[in-house]
Structure formats: structure tokens, C-alpha cells
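J.: Taken in sequence, the protein lines are chains A and B. Counting from 1, position 191 in the first sequence corresponds to residue 191 in the numbering used here; the numbering is continuous, with no gaps. Counting from 1, position 343 in the second sequence corresponds to residue 676 in the numbering used here; the numbering is continuous, with no gaps.
Because the hints were derived from the structure by calculation, they are not lab data. Note that the coordinates shown come from a computational prediction; the quantities given were computed from them, not determined experimentally. Even glycine gets a Cβ: it sits at the ideal position worked out from N, Cα and C. Please note: incorrect hints may appear among the correct ones.
Claimed, not checked - Computed far set for chain A versus chain B, every beta-carbon distance over 12 Å: (1) LEU4; (2) ILE11; (3) TRP41; (4) ALA146; (5) LEU187.
Stated by the list, open to error - Now the stretches of chain A that chain B is said to cover, found in silico as 3 or more residues with beta-carbon under 8 Å: (6) 15-26; (7) 126-136; (8) 224-234.
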Amino acid sequence: MSYLVSPPPHIRTPMSTKRIMLDVLIALLPASIAGIVLFGWQAAVVLGISVVSAAATELVWQLIAKKFRKRPKEAFLACLREFDFTSLVTGLILGLSLPALAEAWYAPLLGSVFAVGAVKMLFGGTGKNVVNPAAAGRVFLFLSFAVMMRYPAPNFGAIASSDLSSLTAGATQLATALQGEPTLSALDLFLGTGVAGCIGETCKLAVLVGYIYLSARGIVKWYLPLLCVCPAVLFGMLLEWEFSFLLMAQLGLSGGLLFGAVFMATDYVTSPKSRLANIVYFVLLGLLIGGLRKAAGIEVFSFCLLLMNFTVFLIDPIFKPRPFGKTKKEGNK
Amino acid sequence: MSVRAKRLFGGVKIPSRKLSAGSPILPLEGVEEVCIPVRQHIGAPATPVVQAGQRVKRGELIAKSSAPISANIHASVAGTVKAVEERPDGKGSTVLCVVLTREGEEEAFLPPLTNPSKEEILARIEEAGIVGMGGAGFPSHVKLRPSTPVDTLLLNGAECEPYLTCDDALMRSHCDEIVRGAKYLAAALGAERILIGIEKNKPEAISAFSGALEVVPLKKKYPMGSEKHIVYTCTGRKIPLGKLPAAVGVDVQNVATAFAVYEAIEKGKPLIERVVTLSGKGAKEQKNLLCPVGAPLSSLIRACGGEQGAVKLVAGGPMTGTALVGEEAVVTKTSSGFLLLSRGETNAEKPTACINCGRCGNVCPMKLLPMQIEFYTEVKDYEAAEKYGGATSCIECGACGYVCPARRPLLQSIRAAKAALRRKV
Numbered sequence: 001m002s003y004l005v006s007p008p009p010h011i012r013t014p015m016s017t018k019r020i021m022l023d024v025l026i027a028l029l030p031a032s033i034a035g036i037v038l039f040g041w042q043a044a045v046v047l048g049i050s051v052v053s054a055a056a057t058e059l060v061w062q063l064i065a066k067k068f069r070k071r072p073k074e075a076f077l078a079c080l081r082e083f084d085f086t087s088l089v090t091g092l093i094l095g096l097s098l099p100a101l102a103e104a105w106y107a108p109l110l111g112s113v114f115a116v117g118a119v120k121m122l123f124g125g126t127g128k129n130v131v132n133p134a135a136a137g138r139v140f141l142f143l144s145f146a147v148m149m150r151y152p153a154p155n156f157g158a159i160a161s162s163d164l165s166s167l168t169a170g171a172t173q174l175a176t177a178l179q180g181e182p183t184l185s186a187l188d189l190f191l192g193t194g195v196a197g198c199i200g201e202t203c204k205l206a207v208l209v210g211y212i213y214l215s216a217r218g219i220v221k222w223y224l225p226l227l228c229v230c231p232a233v234l235f236g237m238l239l240e241w242e243f244s245f246l247l248m249a250q251l252g253l254s255g256g257l258l259f260g261a262v263f264m265a266t267d268y269v270t271s272p273k274s275r276l277a278n279i280v281y282f283v284l285l286g287l288l289i290g291g292l293r294k295a296a297g298i299e300v301f302s303f304c305l306l307l308m309n310f311t312v313f314l315i316d317p318i319f320k321p322r323p324f325g326k327t328k329k330e331g332n333k
Numbered sequence: 334m335s336v337r338a339k340r341l342f343g344g345v346k347i348p349s350r351k352l353s354a355g356s357p358i359l360p361l362e363g364v365e366e367v368c369i370p371v372r373q374h375i376g377a378p379a380t381p382v383v384q385a386g387q388r389v390k391r392g393e394l395i396a397k398s399s400a401p402i403s404a405n406i407h408a409s410v411a412g413t414v415k416a417v418e419e420r421p422d423g424k425g426s427t428v429l430c431v432v433l434t435r436e437g438e439e440e441a442f443l444p445p446l447t448n449p450s451k452e453e454i455l456a457r458i459e460e461a462g463i464v465g466m467g468g469a470g471f472p473s474h475v476k477l478r479p480s481t482p483v484d485t486l487l488l489n490g491a492e493c494e495p496y497l498t499c500d501d502a503l504m505r506s507h508c509d510e511i512v513r514g515a516k517y518l519a520a521a522l523g524a525e526r527i528l529i530g531i532e533k534n535k536p537e538a539i540s541a542f543s544g545a546l547e548v549v550p551l552k553k554k555y556p557m558g559s560e561k562h563i564v565y566t567c568t569g570r571k572i573p574l575g576k577l578p579a580a581v582g583v584d585v586q587n588v589a590t591a592f593a594v595y596e597a598i599e600k601g602k603p604l605i606e607r608v609v610t611l612s613g614k615g616a617k618e619q620k621n622l623l624c625p626v627g628a629p630l631s632s633l634i635r636a637c638g639g640e641q642g643a644v645k646l647v648a649g650g651p652m653t654g655t656a657l658v659g660e661e662a663v664v665t666k667t668s669s670g671f672l673l674l675s676r677g678e679t680n681a682e683k684p685t686a687c688i689n690c691g692r693c694g695n696v697c698p699m700k701l702l703p704m705q706i707e708f709y710t711e712v713k714d715y716e717a718a719e720k721y722g723g724a725t726s727c728i729e730c731g732a733c734g735y736v737c738p739a740r741r742p743l744l745q746s747i748r749a750a751k752a753a754l755r756r757k758v
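Working from the sequences, and respecting the hints, build out all of it.
T.: Quick look at the structure:
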């Protein structure tokens, strides 16, 4: 009788990469459902295209990479075995951060191919990418297609009978608010009813449900998204020099801040390693967003996130934890 | 009396799986041949002083300590020396063993001591071949002569490893003996204070000791029983890197060592048997067995009703133990347990890419960054592994490997980095 021999530990946690990604997908479910309810079939089309094309991009890439070594059938099975749901998460997050415009069906397709193919797989696949693929995909689309600047408001609730032109004409609710246009109530912002914006980020309630799920499952440290949102809102209020509840609600509840802080900034691969470095990273991200929002007049979350992704390599060594029992005199070498 | 414990940084909650928790200590029956390795401790191997064919009594010296850091070894059964030869150790290597065939019941113990002096205690501990029974097996007579003054003796009854219950069983049934052993240890050290740290998942043991010693109930968290960390949680003192607990005036001894000291002094019995947990769902029954040193693993498995679907044999706990290649392994002075793990308990999944989740760093009780060590070790940049990860400070508890969702071989990499750095220095 022969036994398995391996180095310790001989027992492992049931939590695996696949399980983590599945949990993120589950956490994104409320936002997806809310998006489809608010924006209708167009949202479903965008989400479907982005998720399917993201997964397809990874599979095709893996097939090409493996084709030369194995027979096609074996290569395909190996690809399926190794498929760890990360590209599904990327595709879904990207889809949720796009406006629900079915006529621009090519946008989620191209965005997903770019995010998974160029940003993730080209750098070596899962765990090796430098910047957040979903954020990079969104920025790519935003800079490439003018249609991405048009945000429809959901044809739902109190807004249904009113004049939609002012909302569909240009920017998100955040942009209108930042330019001093008449705004919606905090409750509308929270529920996403009548708010112009992207599919997943308008209904804050759904984002909040996802946040609670991720925190409870231990996927995301509960304090990290708060450390991004609070500085962003406070810094925004400071810049406006106005301290009202309505402004706080507008800064915190409009745009993609909440969605990005919960689902995009917390991406493991592109955030720092240690606890303290993560705290610093999130606070800096929040401040950057608060400042740039005022300067740009539009939502800048994905741009700020990409910028911060490049600082991780600087933050990590500076905020390395000091080993237990290492005295201060020896320094943090 | 109880003392409040300090909070431990990092650590991980692991299901205890103490399958043998209810088992009393049962003597191991049916051992006809024992195979006693001459190296069961850290330091130089002992030199055999018996020849094949010679009759030995139980407790007789069969291998003598040969260096300052070494330990005596005694016959664990009465009988005839069958051979003094190299035998497979179950870990894929061989070790010099004294093989005894059991015959008769003659005993040759040392004379019991009453009211021994400090020097008498130390001499007896050295003579009886007592080593640290928590796992490392450092000769106790060396550890009890620290270079800096010690004011506190800390008994380690944390037993934070899942499955293992040998210390728990001993603490529940032999509380008085452990306390008396601890008093001898404290006298030998000149320590005024005796503390005992026990994890809260052993309430019976905590209540048994609360009348006799200062008990520190510890939170159930792995690796609570690590020397550096139990010293911190129980006394609040931080051991500087690369130093021993004596540097902060504490000496840590396992509860089983304290029990062995009691037996050596009051009964004159050398360290020839110990409590061993045989556990895991790959065994029919899970038991705490009192085994003579040198008893083959196969006899332990037989005493537990045989194996059923075990895929992995482990000597020690599941977090730090060594996987065995076969059943040739024997009980030594440091064997806390043997595990027969079934398919469902252990897993041999292939490693996938690191997703930089940071879990390994968050659970590391030494506040290291295992993912960095592994990353740099893979590209053989060991200096960077030390600089960015802190490879040489690792205590090899395995918490990082336990939590890794990508199943990275973190501990293996850290050991490789440590070995490479040691070669360079």
C-alpha cells in the first residue's frame, strides 16, 4: 500500500480560487438583477454579451496556448478544468459598468476582449495582470466610443412620466449634480429609480447587499470599501465647502463610487498585499477620486483606479509589516 | 486562578477535529518487538552501549548521550537485543536502531528522589533522557540551564494542532503529576511563577488545573502553541527574533515533559513511554495510547482496529507533521500522534496561480509575507525573499499553506529559501 507524500500542511481550507470567484459572482447578482429591472432588456443584452465574450476570450487564448502541446480534445478539456471563473467576474463587472445601450452591442464585446485578452492574458493570465481588467476595459471604451458618454435613465418609477431628455442627453446623475443641475432625492439615488447611469451602479441598495455578502464571506475586508468611499465624500465636500446631507448623498450615492469601491478596487490581483498597505491604498484612492471628480466634472473612478494600480509597487515595500519580535532599532529592512 | 491572555496577531481558525477527545489513555498491547532509534532528539545521536544477544531490563540504558546536546536512550521493554542496525524510519530514509525482542517484565529503574536539590533534579533529567515532548525534542537538561535568568515557567498545554489529543488526555487524567513535575522544573530553573496556557476547547483540562496553577485560557486559534506566541499571549513578553524564550525570562515546557520529569524523579522511571494519539478518519477507531518508545506504527494501527481507506500517513499533527511513506515508522520520544487521513480530509489539489489575495500574510503569526517569499524563491532570488518576505523569520507553522485558496506550496518554498540562505551565510 502506498501513501501520498507531500510537505505540510496536510489539511487545507475549503476556500479555493474558484469558490472566491463564485462568491464574487453571487455578490454581483443583486446589482445585475437590479440593473435588468431598472433598464430592461437592453441591460440584459449588454451583460450577456460582455460575460460570454470575456469567457470566450480566455478559452480561445488558452486553446491557442495549449494547442501546440496537446491534442485538441485534451487541450479543450484542460482549458475547462483550469477555467477559474475570473474572466466571468471581469466580464460581469465590465458589463455592469457600461450604460444599457443595446444599439452599441459591439462595445461590451470589444471591451471584454480587450480586458481579458490584452490586459489579463497578455500579462500571463490570472494573478499576473498589472491593472484591473474591468476598469481598463471601461476606460478603453470610454475613450474610444462617443456613445459611451450617453447614459439612459431607467424608465421606471416616478421619473417615468416626466421629461427624459435632460437625463438621457448627456452624463450620469453625478455629472449633472456636479454641474449644479436640479437633482433627485437621496432615496431615489439610493434605489436608482430615475437615475441616469451605468447598469450596475445606479441601484446602491443592490451594491450594498453584495458588499454585505462579500464581507460576511470574508472575501473582502469590510472596512476597505468604506476607507475609499468616506475620504472621497469628505474630500469632495471639503472642496465644495458645503456640508449638507444632500451633497453627501449626491457624492456618495451617485456615479460608480460605491460599485467601484466594493467590486473593482477590492480586486486582489491589483491591490497591495499587506493589511496596512491596503488601508493606505484605499484611502489614497478615495482622496484621488474626491479631488479629480471636482476637477473633471464627471465620474473618474476607473481612471483613478488605473492610476492607483500603478502605485501598488511603491506602496507594498513601504508598508511592509514588521516581523513579530523584530525590534524597532533594526528598522524595517 | 486564571490570567487573561493577550490577543494573538494573525493565526487561523481551523476546525479542531479532535476525534479522539473522548478516549482515555489506553496502554498499547501486543508489542513483541520494539525498534528504538538512537536519534530521537535535536543534537548528536546517542551511542549504543549494548550488543546483539544481550539481555536488557526495562529502563536500562541502551544508548548513551555522546555530546553536550544529546540525550540518553533507555530500553522501553525487557528482552533481548536482536540487532543494532539501520532500519527504515518511514520517512524515506534509514536510522540506526536498537531492536529489542520482548521477553519478561524485569525493570531496572533509577532510585526515586525525595526533596531533590536543583542540581539533583537537573542530573536526574539528564540521566533519564528527557527531551522536549512537544515536537522539537530539544534535550531538557540543556534547556533548563539557560544563560539568562528565568523568572517564569510556562507550561504549554495549548495543543493547537487539529486531531491531536495526547496532551489533553494527559492533562485531564494526570493533573497532580504534571503540577508536581512543573514544581521540580521551576525549582531547577529558579523560576518563581508557574503558568499554564491551555486552549479554551479543553474546558476539562482548564478546570482541572485552575486550583493548582495559574491557568491562562487561550483562544482557539492556530498556531497558539508556538513557543514565541504562547509566551506573548500568556506573559505579554515579545521574544526578539533569533532569541530563545530565556532572553525574556521565560522557559516553556510541554505538559508531557513535566509529566516525564515527575516520573523520573518520584518513580525513577526514564523516558521510555509516552501518550500518542492515533487519529484520522482513515482509522477504524481513534485512541490515545500509552506506547513504549520504539513501538512500530503498525501495532498502533492494529490497536485501533486497522485502517480503512487511508490515503496519507502523517507523523505528528496535520499542520506541521511529516507525511510517511509506509508503516515502518516507530514511536519516538517526540511522537505526539500519527494520523491516517482519508481522501475527504486531506487534499492533493494542484497549485493554481497566486491571486495575491493576501490571506497568507494576514494569518502569518510572524507578520511575514509568504506570497513574496514564494514569488522570489521560484525565481531563485533568495536575498529578495528575505528582504521583501522575511523568509528566515518563519516558524514553519503552515498557517499560510492552510489558507491559500490557490493551493500554493508556500511552506515548501519558504523552507527552500531558508535552506539556500543558510548555505550562503
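J.: Each hint: holds or not?
T.: Evaluated hints:
no. : hint    : result
1   : LEU4    : violated (5 Å)
2   : ILE11   : violated (5 Å)
3   : TRP41   : holds (34 Å)
4   : ALA146  : holds (36 Å)
5   : LEU187  : holds (36 Å)
6   : 15-26   : holds (count 5)
7   : 126-136 : holds (count 3)
8   : 224-234 : violated (count 0)
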